[in-house]
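Mind docking chain B on chain A? Use the hints.
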Amino acid sequence: MLMEVQVLYNVFHHEAVSMLIAIYFHIVGLHAGCSIVSITATLLGKKEYKPVAKIGAIFVIILFSISPIFLLTDLFQPLRFWYLFIHFNVTSPLSWGTFFLCAYPTFTGIYIYFLFKGNVLWSKIFGVISLPFAISVHGYTGFVLGFAKARVLWNTAVMPSYFLCSAMISGMAFMLIVALVRYHFTYKDKPFDEREKDLEIIDLLAKWTAGFMILNVFYVFSDLAVMYYHTEDAFETVELVRLGKFSFLYIWVDNVFGNIVPSLLIIFKRTRKSHLMLLIAAILASIGVFVMRYVMVFGGQYVPLS
Amino acid sequence: MKKEVRWGMVIDLRRCVGCHACQVACKAEHEVPLGVWRIWVKVVQKGTYPEMATLSLPWDCPYCERPEEARYPRMSTLFLPWLCNHCERPICNTVCPVKAAYRREDGIVMIDPHRCIGCNYCRAACPYNVRYANPITGMLEKCDFCVHRVDAGLQPACVENCPTEAMVFGNLKDPSSKVSQLLSKEKVQVLKKEMATYPHIYYIGLDKDVMDPLKGWERHFYHKEYEKL
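Chains A and B, in that order, are what the protein sequence lines are. Note that our numbering numbers the first sequence so that position 85 is 85, with each residue one more than the last. Counting the second sequence from 1 gives a position; our numbering is that position plus 306.
One chain only, chain A, in its complex shape (with noise of 0.2 Å):
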């Protein structure tokens, strides 16, 4: 004997979180990622993780200008964004992020300024001041998702830390994909030795970028294991991101094709030294980041709750 339940009315109103702040943590995370690659490079302080620390540098700039594009279509009285620096929520990290948004790009366009003057001191004095917010600009956003506690899951402690590494990810897998540019379209006019340099960096970058892959390969499991024992509603959220309607783009193309695979291939150090594997690990990576945004906003949103 089974009871049959049937839903002949109700009603679900449309998806609250859009893809365009799907896109906009994407973007968000890419630039925090790199900015906190250049400022690690720049306070480290040798001299051959210097064009590392340029190449962040720039890639911030460019991408932090678009990033906000995507903030205010998101909303639907744009006009009136202004409202955020009057109005300020304490309780809100949409509140937090509208200052961490400011003071940021200020502190960092100052720490680039003094990074291409070449002024190492002052750069890593503002390096130092700009780091909490490079790491907070990024790190609201797993708070936006982690307060917003209709979704099983969004509403997780390990959400912060969660999307935090993901940004480094992308961020990392990004500059990979830059250096390896760079290196082979300058390599001929190199000598020996700034050519060993320039593949050091390369090596470094491919290390920690499979290191915070594994990181978030724990993160993934803690988080879908402690869901299993968790409420119905998590219940029924996991076994959504695992077997149903997101399962192929989360376990697969997020998880194994966007952190396994490529930290294996990175790993090993025949492929490692293989510069087309490095470029195929670091696409892989970045697609799987990008697809992880997006099954979190959209596979979040996808339980009834009415």
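Watch out, some of these pointers could steer you wrong.
Heads up, simulated DSSO-like pairs for lysine-lysine below, C-alpha to C-alpha not over 27 Å straight-line [what the hints assert, rightly or not]:
{"#": "1", "chain 1": "A", "residue 1": "K245", "chain 2": "B", "residue 2": "K405"}
{"#": "2", "chain 1": "B", "residue 1": "K498", "chain 2": "A", "residue 2": "K149"}
{"#": "3", "chain 1": "A", "residue 1": "K149", "chain 2": "B", "residue 2": "K499"}
{"#": "4", "chain 1": "B", "residue 1": "K348", "chain 2": "A", "residue 2": "K245"}
{"#": "5", "chain 1": "A", "residue 1": "K50", "chain 2": "A", "residue 2": "K269"}
{"#": "6", "chain 1": "B", "residue 1": "K514", "chain 2": "A", "residue 2": "K149"}
{"#": "7", "chain 1": "B", "residue 1": "K521", "chain 2": "A", "residue 2": "K149"}
{"#": "8", "chain 1": "A", "residue 1": "K149", "chain 2": "B", "residue 2": "K405"}
{"#": "9", "chain 1": "B", "residue 1": "K521", "chain 2": "A", "residue 2": "K245"}
If you're looking for bench data, these hints aren't it; they were derived computationally from the structure. Since the structure is predicted, the reported quantities are computational estimates derived from the model, not experimental observations.
Using the frame of chain A, we list chain B on its own:
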């Protein structure tokens, strides 16, 4: 001394006949556009079918071929008017970045239309899915207990139009009000208690199958074939 007021509602589902009069009254009162609702009556049918235990997919259902077997007294239809719960701890207020969502002293959760920037965050965070973006004005809206009527000493439109008097609106802090009396006498239930929002819409005779949003949707997740139907 000013009388303390905390507006709330008790919905007696034993009296609800699923006429959707509340829904229509609300549409008319607030000129709610097409496709969005401030209040709606969720309708769920449930039944016990002996052969169902052996089934895995919906198209195997024998009742499509023999509908005469799937009928009273083996089934029942449940109604649930679903509206803003005017919570004590509303998450929409907590997350609104411009404080456009606020709670009045009498407990009515409101949206300031002159301040809302339409970021949709409250809509994403509300566990009751009662907020919508007005497709005409682009403003976030939801049930406000017909605040203009309540301030004028009238009842909300849905309560006024309920033919069976299933919806009872009143001051929860007044012991002589009908809502307080129902709350003290009857066994009441709220929606999504686990969300810690402390809602103020109380239901008498609430069934677990109608209050669970996932009931009737489980198959939708697993079987892609189900979507083709």
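Hint check:
no.: 1; hint: K245(A) <-> K405(B); result: violated (36 Å)
no.: 2; hint: K498(B) <-> K149(A); result: holds (12 Å)
no.: 3; hint: K149(A) <-> K499(B); result: holds (13 Å)
no.: 4; hint: K348(B) <-> K245(A); result: holds (25 Å)
no.: 5; hint: K50(A) <-> K269(A); result: holds (25 Å)
no.: 6; hint: K514(B) <-> K149(A); result: holds (21 Å)
no.: 7; hint: K521(B) <-> K149(A); result: holds (20 Å)
no.: 8; hint: K149(A) <-> K405(B); result: holds (18 Å)
no.: 9; hint: K521(B) <-> K245(A); result: holds (18 Å)
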